[in-house]
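So the sequence lines, in the order shown, correspond to chains A and B.
Be aware that the first sequence starts at 1, since it is given in the working numbering, and climbs by one per residue.
Be aware that the second sequence starts at 200, since it is given in the working numbering, and climbs by one per residue.
Just so you know, the hints here were simulated from the structure itself, not pulled from any lab data.
You may find that some hints are simply not true.
To be verified - Looking from chain B toward chain A, a few residues come up when the C-beta cut is under 8 Å (computed):
1. Arg218
2. Lys219
3. His221
4. Gly254
5. Asn258
6. Ala261
7. Asn262
The beta-carbon is built from N, C-alpha and C at its ideal position, and this holds for glycine as well.
Each chain, written out:
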Amino acid sequence: MTFYSGSTWQQSSEPVITRKVHMEDDDETALVWPEGGTFDTLGAGEHPVLAIGRSDNRPMNITGTVISYDSATDIATFNIADKHIVRAYVANINAYTQGAASGWQNTIYPGDPVYIDDSDDLSTLNTGCTLSFAPRNEDPLNNPLAGYVHWCQDEYDDQGVGGPNTSQGINQPAATDTSEMLTLCVMIVNDHGWNENWT
Amino acid sequence: MTFISGPGWQQSSEPYVGRKVHLENDAGDTYYLWPVADTNWDSLNDGEHPVLAVGRKANRPANITGVVVTYDSATDIATLNVADKAIVRAYVANIASYDFWWGIGSWQNTIYPGDPVYVDDSTFVYGLDNGCTLSFSEQSNDKLSSLNPLAGYVWWCQDEFDDSGIGGSHSAQDINQPAETNTTEMMTLCVQLVNDHGRGVSIIT
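Bound conformation, chain A alone:
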């Protein structure tokens, strides 16, 4: 598969702060990640949540959602506004041990923190999946906070798009302790803040 695309990626109409970002520096240092390599290569019409700035700066990277991409200039336009909500691919992995997934978010709750994760487990699962619940990647290096799981517009009980629903509808993993890619709505933030799991 590829990065998230289609007509339903936007789950809030505001706020919007657009910023243009070169995908790489003139010396070919990647300024947007994870993209390329084992992950999908950004194309027009794709809307992944990505980290901005060198991965050497991790976890102190701004995070945002790609709105558009111009392959002629290799410039992506991001929405980097705090609290906008997008639909995104998220792996249910929440920890790694010795380079392999060792913990899973078996139940997903709104408000659970979600991180940009460049681990091979994600690209193996799906080359378009850039997020997980793991505060550290497989190496283990700190992952930038991307945001928090939130209800999609049609996932509120008794309210919201599509009329009243009988229950809240956050997607859940099909099996326990098994790596899966979920499609979830994420409220994007730019707080790289320390997590209690970091030292």
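Following the hints, position chain B against chain A.
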């Protein structure tokens, strides 16, 4: 008492980012707003505007924080303003830390603008007032495991600026202060909300 209510809770007209949040999950066993759902605290009602943490307590301190703008009891959905830097009037306990015996360790005897304020679900906070959700303590009284999410920073209310602001010029800045030292009190303060849960240097272990 109850959560703060009345016409003076909003102290800035912007920014505003409204986000709807279910009070709890369908099973009713996991709360997405706290400490409101804790039995020790006030129940959320129409017209109340507490500052709360969003998301499970298990994620603490990695919780977004915001102020309740409206609450619909029919759907159990609260609309929160989660915008960074909104200023609201809130109840804040002057507790600054807890000791290793789960008692109060210290107090914020003088309140300064810019002092960080946390969502605190400690027994001492609701014991003081069941409408109070904030304190100056970065950890709850269950300090071995419970870091408090950062809610924001003390700020001047609109009528607390010296020689400026609502009500004409004032002869002095007027942040509320505790009546006594080393004594637990609930203060009514203005707080500039932020959503940076980031751990302070002092609590990185």
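Hints, one by one, checked against the model:
no., hint, result
1, Arg218, "holds, 7 Å"
2, Lys219, "holds, 6 Å"
3, His221, "holds, 6 Å"
4, Gly254, "holds, 2 Å"
5, Asn258, "holds, 6 Å"
6, Ala261, "holds, 5 Å"
7, Asn262, "holds, 7 Å"
The structure fails none of the hints (numbered hints given earlier).
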